[in-house]
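The listed protein sequences derive, respectively, from chains A and B. The numbers in my numbering rise by one with no breaks, and the one at position 261 of the first sequence is 262. The numbers in my numbering rise by one with no breaks, and the one at position 8 of the second sequence is 19.
FYI, nobody ran anything at the bench for these hints, they're computed from the structure. Keep in mind that this is a model prediction, so the values were computed, not measured. C-beta atoms are modelled at their ideal positions from N, C-alpha and C, and glycine is treated no differently. Among these hints, one or two may not hold up.
Unchecked claim - Straight-line alpha carbon distances no greater than 25 Å define the calculated SDA-like cross-link-like pairs of lysine to any residue that follow:
1) A:K95 <-> B:D193
2) B:K115 <-> A:D370
3) B:K52 <-> A:A400
4) A:K155 <-> A:Y71
5) B:K90 <-> B:V109
6) B:K124 <-> A:Q405
7) A:K286 <-> A:R68
8) B:K197 <-> A:H91
9) B:K250 <-> A:D54
Claimed, not checked - Computed, partial: chain B to chain A, Cβ under 10 Å:
10) Y178
11) H190
12) Q191
13) G198
14) I199
15) M230
16) G232
One-letter residues, chain by chain:
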Amino acid sequence: MDRNISRRGFMGAAAGVTAALSAPAVLGAVRPKAVVIGGGAGGATAARYIAKDSKGAVDVTLIEPTRSYYTCFFSNLYIGGFRDFASIGHSYGKLASDFGVNVVHDWAIGVDRDAKSVTLAGGGAMPYDALIVSPGIDFVEDSVAGWDLSAQNKMPHAYKAGSQTQLLKAQIDAMPQGGTYVMVAPPNPYRCPPGPYERVSMVAHVLNENNPTAKIMIFDPKEKFSKMALFQEGWETYYSGMIEWVGGEFGKIEEVRPDAMEVVVDGEVVKADACNVIPAMKAGKIAEMAGLTNEKGWAPIVPASMQSQMDENIYVLGDATQNGDMPKSGFSANSQAKVAAMAVRGALTGSTVFPAKFSNTCWSLIETDDGVKVGASYEATDEKIAKVDGFISQTGEDAALRKQTYEESVGWYAGITSDMFG
Amino acid sequence: MKRLLDPIRAIISGLFLVCMASAAAKAEDIGDPESGAQVWKKCASCHMIGQGARNKLGPHLNEVFGRRAAGLDGFNYSKALRRAGADGVVWSRDKLEVFLENPKSLVSSTRMKFRGLRDKKERADLIAFLREYSSSPRDIPESAPTAAPTDPDVDPEILAIEGDTAYGEYLSSECVTCHQADGDDKGIPSITGWPQADFVTAMHAYKNQARPHPVMRMMAGRLSNEEIASLAAFFGGVK
Ligand SMILES: Cc1cc2nc3c(=O)[nH]c(=O)nc-3n(C[C@H](O)[C@H](O)[C@H](O)COP(=O)(O)OP(=O)(O)OC[C@H]3O[C@@H](n4cnc5c(N)ncnc54)[C@H](O)[C@@H]3O)c2cc1C
Chain A
2 MDRNISRRGF MGAAAGVTAA LSAPAVLGAV RPKAVVIGGG AGGATAARYI
52 AKDSKGAVDV TLIEPTRSYY TCFFSNLYIG GFRDFASIGH SYGKLASDFG
102 VNVVHDWAIG VDRDAKSVTL AGGGAMPYDA LIVSPGIDFV EDSVAGWDLS
152 AQNKMPHAYK AGSQTQLLKA QIDAMPQGGT YVMVAPPNPY RCPPGPYERV
202 SMVAHVLNEN NPTAKIMIFD PKEKFSKMAL FQEGWETYYS GMIEWVGGEF
252 GKIEEVRPDA MEVVVDGEVV KADACNVIPA MKAGKIAEMA GLTNEKGWAP
302 IVPASMQSQM DENIYVLGDA TQNGDMPKSG FSANSQAKVA AMAVRGALTG
352 STVFPAKFSN TCWSLIETDD GVKVGASYEA TDEKIAKVDG FISQTGEDAA
402 LRKQTYEESV GWYAGITSDM FG
Chain B
12 MKRLLDPIRA IISGLFLVCM ASAAAKAEDI GDPESGAQVW KKCASCHMIG
62 QGARNKLGPH LNEVFGRRAA GLDGFNYSKA LRRAGADGVV WSRDKLEVFL
112 ENPKSLVSST RMKFRGLRDK KERADLIAFL REYSSSPRDI PESAPTAAPT
162 DPDVDPEILA IEGDTAYGEY LSSECVTCHQ ADGDDKGIPS ITGWPQADFV
212 TAMHAYKNQA RPHPVMRMMA GRLSNEEIAS LAAFFGGVK
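Isolated chain A (complex conformation):
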């Protein structure tokens, strides 16, 4: 382990941190190492909290390929024209400068669990005492017949934010008058349960302004969806006649034809001018490569600590997990990250570990100043993360309350992004 101290990246991190080293007289002279894979809602939060709360006693490395993280949360508001693209992008600069996190821009391509080491695409290995894996989601191959990643420029998913989101917006803006936007919605479980329906609301908002005779069709394999009554009420109020949702058996498509821009459903061919395919999801690939996933493609965890059920030195966060009752949201990933950060510090430095508390709230925007929310609190039981209590916005709420809910979501966005990136 010692020789790794001289590795390029570790030197930078060590500088800001020497003063705190004397603190809990850490296991000999070498600081224990926490390595985090993925700098999203789960990973960035975990890296920041371990570094911040251990006051330098833990050496924290974050492995993340991109230099700017574009949040999926509020990416629908960018599509709706309520945010500009730059406002949903965040850099890792402060994690490095203010918290001493060693940020390595690379892909993790393997985990040697016996040697406790992560292999990087750029060559080299990153040893760890505790590993946190928060890679988000990947798509299940062949879950939408006719679609694979090579078709994502014709039929974007825009379910990882960044260029995909920009592309989808451009395609919506380029739709001919009276054209058709088709969404192929995902089966459960998937990231951000209200996400596809907030997106439809935002697309409808844009079309209503620029292309009022356009149509939106949603083919959905599910019988019902998150905040369904709230969305349907809003769609009727603001976008009456524009949105057609086809759910359940009838919503299961046969195939998509990206070259022809067609969707085949129930023997019929639907022509699309913009087509948003959101395939079925599974844990980000690296979780599978590390042997952390089950037959369903998700990583089961120990509720009290977020440790992997497969390996006690590894913690899995966020969308990649199968955790019980918590939905796959940025709020959830951030909440889980704090529980894991505390558990990792406890394991590596012997600091106090308080009982886990989890919570989630998901806001969605339906139309200008009309926000709704759903949320719950959770606790760790032996068998899962279990829901304790929850709430949801009501249909028929007055405009002032809806506006307040939207403003609150703007505050939340500012809160969670500074909680992730400092």
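Since chain A is already given, all that's left is putting chain B with the ligand on it; use the hints.
Only chain B with the ligand this time, still in chain A's reference frame:
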């Protein structure tokens, strides 16, 4: 020269005179203190004024005219407001008028969560009301304390619980997903630097469903009395 509502009071306060001399105001700009008392209700959950007024979540507003921004000893002002004070901001009629219209336009990171009064008449009325409590109003026997307590009282034993700041810091990680850790208000109210009794009282009002917000009811609902005290201790100390 401004029309002085009460020349005698003006003489008592030299500073007041200086401020009032700053700009001309037309007669119709001068509000009606009785209507202002109605507007004041929006302020009264955080500020007290009149006899016996003390600092609550916000500073008491007796003698606010002529007071330097962040000018009361013993009140934990935001950094932003202290900076405004150091820059020489003094609460004159004109400054209050700008501040009340949109607090953040004058002091961008004030902790005051009030969004402002868009209606010019309401502002004028409120200023006229505040004006009645400047120039020694503490000594006016007929002016009763005006801050109506809005939250149910909390059992003194619960208020007396001493929080554990370290535990509070851990619990706080759940709050700062939405609330800014440094006390800024970016759409969600600031929760730093509150007097502990006010923090505890507010949290119990959520816990007992006396305050309406569903997220906060849920959050407070599963916190024990000790946990609430610990959060109050931790956030109370965040400057
Ligand atoms: C349209 C949409 C709207 C949404 N709206 C909301 C909302 O309003 N509120 C909310 O709470 N949530 C929302 N979400 C959900 C939220 O974005 C996710 O739940 C959250 O990002 C999950 O966090 P995570 O850490 O699990 O994954 P991510 O945030 O996706 O982070 C994963 C990171 O890991 C990196 N990575 C992946 N593989 C590797 C590897 N092998 N090596 C190194 N790095 C790797 C990726 O580059 C990525 O940066 C929304 C999602 C979408 C798609």
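Hint by hint, here is what the structure shows:
1. A:K95 <-> B:D193: The given pair, whose Cα atoms are some 16 Å apart, holds under the 25 Å limit.
2. B:K115 <-> A:D370: 21 Å, holds
3. B:K52 <-> A:A400: At roughly 22 Å apart (the allowed maximum being 25 Å), A400 of chain A and K52 of chain B satisfy the hint.
4. A:K155 <-> A:Y71: 21 Å, holds
5. B:K90 <-> B:V109: 20 Å, holds
6. B:K124 <-> A:Q405: 13 Å, holds
7. A:K286 <-> A:R68: Satisfied, since the Cα-Cα distance of roughly 20 Å is no more than 25 Å.
8. B:K197 <-> A:H91: 17 Å, holds
9. B:K250 <-> A:D54: 19 Å, holds
10. Y178: 7 Å, holds
11. H190: 6 Å, holds
12. Q191: 6 Å, holds
13. G198: 3 Å, holds
14. I199: 3 Å, holds
15. M230: It holds, given that the least Cβ distance between M230 of chain B and chain A is near 7 Å, below 10 Å.
16. G232: 6 Å, holds
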